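Asker: What follows is the residue order along each chain.
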Amino acid sequence: MIDEAVLERLLREEADTYVPPPDGPDDILLLAAEAADARPPRAKWFAGAAAAAAIVAIAVAVPRLPGSTTYSDTASEQYGGGTAVALNDDSATTRGWSEYDAGGKGELAYKNADGTHVVRTGEVWLTTPRDRVGPALRDVARLAAAHGGFVAESNAETASEQPSGFVTVRVPVASFDKTVDEVERLGEVRRSSSDGKDVGTEVADTKARLKSLTATRAQLRALLADATNVGEVLAVQERITETQTEIEKLQATQASLTDRTTYGTLRVMVSVPGSEEPPDGGFSGAWEDAKNGFAGGFEALVRASGTIAFLLVAGGVLLVLARRAYRYWVRGAV
Amino acid sequence: MDDLSEWLAEAYPGAYRTARLILRDPQEAEDAVQDAFLRAWRFRASAPRDAGWQPWLYRVVVNACCSRLRREVPRRERRADLDGDYEDDAPGPEVAALHAEEVSAVVDALAALPESLRIPVVLRYYTGLSEKDIATAIGRRPGTVKSRLYDARQRLAADPGLRALVNEEAVR
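One line per chain: the protein sequences are A and B, in this order.
The opening residue of the first sequence carries number 1 in my numbering; numbering runs sequentially from there.
The opening residue of the second sequence carries number 335 in my numbering; numbering runs sequentially from there.
Derived by calculation from the structure, the hints in this document are not laboratory data.
Note that the coordinates shown come from a computational prediction; the quantities given were computed from them, not determined experimentally.
All residues carry an ideal CB built from backbone N, CA and C; glycine is no exception.
Hints are not guaranteed to be accurate.
Claimed, not checked - Estimated spans, in silico, between C-beta atoms of each pair:
1. S380/B with S305/A: 45 to 53 Å
2. S339/B with T253/A: 46 to 54 Å
3. S339/B with G315/A: 49 to 57 Å
4. R9/A with P476/B: 20 to 28 Å
5. S305/A with S339/B: 37 to 45 Å
6. S450/B with T228/A: 51 to 59 Å
7. A5/A with F377/B: 30 to 38 Å
8. D384/B with G231/A: 53 to 61 Å
9. A52/A with P382/B: 25 to 33 Å
10. A52/A with S450/B: 49 to 57 Å
11. S450/B with V230/A: 24 to 32 Å
Pulled out of the complex, with its shape left as it was, chain A reads as follows (with noise of 0.2 Å):
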């Protein structure tokens, strides 16, 4: 039989390794506060549809602002035989960038406006003599791994009588300027873009989401465990399954931001100088057409909702201003 003492004392340097959550108890405090304030469900119903209604407001006011937009503009340097440089010429202030000239070579710097959340992509079409272009893929692999990225894609066919490829890497976001700079040194360069994408909205939104859903989720568990019936059960773990799946969708969501603005995506083309097109990535490079094409759509449906949302609430009221007005003339003339 084992010593109660020995037990007790087991059990306690056990416990004492396990350090509270410190955010417990406030999370308590503010479901129980949450509870105790919660309204009748209309009150619950007029709430959502200002809430709802202040989100419209929000999202068509906020890209208008100056210094808030999406910062997808798209730098494009074309080197056509020692072409002029040509720059997006909108003004730096309006995208949130600062875009400079890093040393009247014509190069584009950026420098994000918050310093973070920021996902880079880019693309870089190098001609090289035909025996250069196999080394020059693995030169671009090499720099990327030496800026502590990985390539994610590639593929070459230097054997033939036009010898081309490319590969796709993945690079961190603070070193992608340097890592495209140091790739354009490798031949000539027929084509150069990059582009910037600031999410941080996106990020604080999905780390809001989760918070609350969160919440959400222990609050439905404590309603749970206060289920009387098997309809009362039922019901509740049907709402515990569905706030489930959105948690795991936003922590999927959450996990892709991440990725997206640790490493940069750069793509580098290589082929032998004459030839007309850059060597594409076939079917992978079809597919990446078709999601951005694919997320351009329904990005663009998302921001036209908001106009259409005001367009509709506006034309409401001017019909129903239009109606009071003709029933006045209508009575009026009688």
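Please build the complex by placing chain B on the supplied structure of chain A, with the hints as guidance.
Answerer: Just chain B now, kept in the frame of chain A:
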């Protein structure tokens, strides 16, 4: 006890550690204690006055732990919940090094006990409740608690990991 923050200040750490010993999983323990406090607060009017409130609260905590043990929560859900929130929950490297063997032996031995024995053991030898209070907490008679504790101690004594640990300490 008319103030929730007072309840939490006094009982949260002990309730959390008790739930951890019963459930092992930190996130499950946190959720169970959260559920228990919210539920206890909602029904605070039925809480006994004076010293009787703690066994009553532990009864709610134990019920929350039991419902979690009985519910088949998919492992995936539990892992998703963890999300690396409590890195500081783990003991420091020195503590971990000193207690690694002891901790695993104790935890493994506890985990090997059935729920009906594990809960009285934790409440008696960690939380420090009397047999009468444990009876209140688990809704059984004091005699049942006594026999369960006896049975649990016998089983723990037979646990090879725990026996090795105790023998090693005796030699030291």
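Asker: Confirm or reject each hint.
Answerer: Here's how the hints hold up against the structure:
1. S380/B with S305/A: 45 to 53 Å: The hint (45 to 53 Å, Cβ to Cβ) holds, given that S380/B and S305/A are roughly 50 Å apart.
2. S339/B with T253/A: 46 to 54 Å: 35 Å, violated
3. S339/B with G315/A: 49 to 57 Å: 52 Å, holds
4. R9/A with P476/B: 20 to 28 Å: 25 Å, holds
5. S305/A with S339/B: 37 to 45 Å: Between S305/A and S339/B, where Cβ atoms are some 44 Å apart, the hint holds.
6. S450/B with T228/A: 51 to 59 Å: Violated, since S450/B and T228/A (Cβ atoms, about 25 Å apart) do not stay within the stated range.
7. A5/A with F377/B: 30 to 38 Å: Given about 36 Å between the Cβ atoms, the range holds.
8. D384/B with G231/A: 53 to 61 Å: With a Cβ separation near 39 Å, D384/B and G231/A fall outside 53 to 61 Å, so the hint is violated.
9. A52/A with P382/B: 25 to 33 Å: 46 Å, violated
10. A52/A with S450/B: 49 to 57 Å: 50 Å Cβ-Cβ, so the 49 to 57 Å window holds.
11. S450/B with V230/A: 24 to 32 Å: 25 Å, holds
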